[in-house]
Amino acid sequence: MGRTPNVGPPVALWDPLVRISHWGIAIVVIANALITRGGSALHVGIGWAALALLILRIGWGLVGVPEARFSAFPPHPRAALAHLRSLLTGTAPPHYRSHNPAGAIMVYSLWGTLALVIATGLMMTTASPLKLAEQEAIVASGDWSTLVTAHQPTEDTDNTYRKLVGGVHNVAANLMLLLAVLHVGGVIVESRAMRRNLVAPMIAGHRGRRE
Amino acid sequence: MKSFTTRQGRQSTALAIFLLVQTVAAVFFVGDSVGDLLSDGTGAHSMFEVLVAVALVLGIGFGLIGLRRTLITMRAQEQTIAAASGDLARVIDDQFGAWGLTPAERDVGFLALKGLDVAEIAKLREAAAGTVRAQLTHIYAKAGVSGRAQFAAFFVEDLLAAPLPAATQAGRLASIETRR
Numbered sequence: 631m632g633r634t635p636n637v638g639p640p641v642a643l644w645d646p647l648v649r650i651s652h653w654g655i656a657i658v659v660i661a662n663a664l665i666t667r668g669g670s671a672l673h674v675g676i677g678w679a680a681l682a683l684l685i686l687r688i689g690w691g692l693v694g695v696p697e698a699r700f701s702a703f704p705p706h707p708r709a710a711l712a713h714l715r716s717l718l719t720g721t722a723p724p725h726y727r728s729h730n731p732a733g734a735i736m737v738y739s740l741w742g743t744l745a746l747v748i749a750t751g752l753m754m755t756t757a758s759p760l761k762l763a764e765q766e767a768i769v770a771s772g773d774w775s776t777l778v779t780a781h782q783p784t785e786d787t788d789n790t791y792r793k794l795v796g797g798v799h800n801v802a803a804n805l806m807l808l809l810a811v812l813h814v815g816g817v818i819v820e821s822r823a824m825r826r827n828l829v830a831p832m833i834a835g836h837r838g839r840r841e
Numbered sequence: 056m057k058s059f060t061t062r063q064g065r066q067s068t069a070l071a072i073f074l075l076v077q078t079v080a081a082v083f084f085v086g087d088s089v090g091d092l093l094s095d096g097t098g099a100h101s102m103f104e105v106l107v108a109v110a111l112v113l114g115i116g117f118g119l120i121g122l123r124r125t126l127i128t129m130r131a132q133e134q135t136i137a138a139a140s141g142d143l144a145r146v147i148d149d150q151f152g153a154w155g156l157t158p159a160e161r162d163v164g165f166l167a168l169k170g171l172d173v174a175e176i177a178k179l180r181e182a183a184a185g186t187v188r189a190q191l192t193h194i195y196a197k198a199g200v201s202g203r204a205q206f207a208a209f210f211v212e213d214l215l216a217a218p219l220p221a222a223t224q225a226g227r228l229a230s231i232e233t234r235r
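Taken in order, these protein sequences are the chains called A and B. At position 39 of the first sequence the residue is numbered 669 (this note's numbering), and the sequence of numbers has no breaks. At position 34 of the second sequence the residue is numbered 89 (this note's numbering), and the sequence of numbers has no breaks.
Okay, chain A solo, but in the shape it has when bound:
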């Protein structure tokens, strides 16, 4: 890459697609981790919406505006550690046009974990959310026969596979929540250390706040 493209004046306002996908993923994660029931049509539907958000953001990372592209925040663990060290020692780290190196690692970790949650979720899904909703409606109307066809007697190998995938799904989902808490903590620490509001550019930007 030659020069470092990510050093420069920070964004005053993230572009609408970054903002929408960011808050969309936040809502989706909270909804599916804490509110909806696993396996329900709603849970699966929200999971598919999460997949859409992730795909859209990855597409934007390839063709989007300069500061939203992957090339603006390459994963660089050593730079991330140096950045964290400068926060600890109190020396002012440089301003980055996009995510700072530590933030970039966080972003990729969140996306990777989300992808794992979605992938294992899809492996456990027996039908599309639309069909699941139909089945639920049939069960709700009193006909429980679909439950029998949906859960046919399974062989032992199939059962252990389902257990394994389900376990990974749960562990990854909890990791996702942990990372989200770390992410919020990092934003607070970073805002204090860099003496600038990192949250405003993700909502309406500094301009919107001043008016």
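Derived by calculation from the structure, the hints in this document are not laboratory data. Where is the CB? At the ideal position from N, CA and C, for every residue including glycine. A hint or two may mislead.
In silico EDC-like cross-links for lysine to aspartate or glutamate, where the CA-CA straight-line distance does not exceed 16 Å [what the hints assert, rightly or not]: (1) B/K197 x B/E160; (2) B/K197 x B/D149; (3) A/K761 x B/D95; (4) A/K761 x B/D87; (5) B/K197 x B/D142; (6) B/K178 x B/D162; (7) B/K197 x B/D148; (8) A/K761 x B/D91; (9) B/K178 x B/D148.
Pulled from the structure, derived: some chain A residues nowhere near chain B, Cβ distances all over 10 Å [what the hints assert, rightly or not]: (10) R667; (11) L711; (12) A712.
Given the structure of chain A, go ahead and fit chain B onto it with the hints provided.
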């Protein structure tokens, strides 16, 4: 100018939301089609679904590129406007100097160009309304304009490159001749 850029901002936000809806629709459609494909096998129906899926995905890709173009054009326009407004301020300052306005008159002139009335200027400058009115009269006299409207038009006129409609042109030209 500001409302122009905020309107574009709203348009790009709307486009981003539309792209999200389109992507959600694509994921649900493709997921449902894959389910059908796995259970029913291939056929004319599934071939059609593949075609629709490809169209949806292409639409999203072009939408993303379009959104990027809109956002980058918007940023370039914001920069141009910022540069132009800086230039206009310099042009006004130079012209005030050429007319030989005093520092107080320059301040009052700027405020008048910004659209403030006598009472507002007086309040801002903590001066009597009469003083401001007298300063404005001096400014108009030095600039050789008949009043406030002509004073403002002096600077706006150069920015309007478009020719006047033929019917009004003669009258306008006459008034400009008397002014100069």
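Consistency of the hints with the structure:
1. The hinted pair formed by B/K197 and B/E160 meets the criterion: a straight-line CA distance of about 10 Å does not exceed 16 Å.
2. Taking the CA atoms of B/K197 and B/D149, the gap is near 14 Å; set against the 16 Å cutoff, the hint holds.
3. For the suggested pair A/K761 and B/D95, the alpha carbons sit about 15 Å apart, so the restraint of at most 16 Å is met.
4. Under the criterion of a C-alpha separation no larger than 16 Å, the hint pairing A/K761 with B/D87 is consistent with the structure, at around 9 Å.
5. Note on B/K197 and B/D142: the hinted pairing is violated, with a Cα-Cα distance of about 23 Å set against a maximum of 16 Å.
6. Under the criterion of a C-alpha separation no larger than 16 Å, the hint pairing B/K178 with B/D162 is consistent with the structure, at around 13 Å.
7. For the hint linking B/K197 to B/D148, the alpha-carbon distance of about 14 Å falls within 16 Å, and the restraint holds.
8. Of the pairs offered as hints, the one joining A/K761 and B/D91 holds, with about 11 Å between alpha carbons and a cut-off of 16 Å not exceeded.
9. For the hint pairing B/K178 with B/D148, the CA-to-CA distance comes to about 23 Å; that exceeds 16 Å, so the pair is violated.
10. Even its closest Cβ contact with chain B, about 20 Å, leaves A/R667 beyond 10 Å, as expected for a residue assigned away from the interface.
11. The claim that A/L711 lies off the interface holds: its Cβ sits roughly 32 Å from the closest Cβ of chain B, which is beyond the 10 Å cut-off.
12. Consistency note on A/A712: stated as away from chain B, and its beta-carbon is indeed over 10 Å from all of that chain's, at 31 Å minimum.
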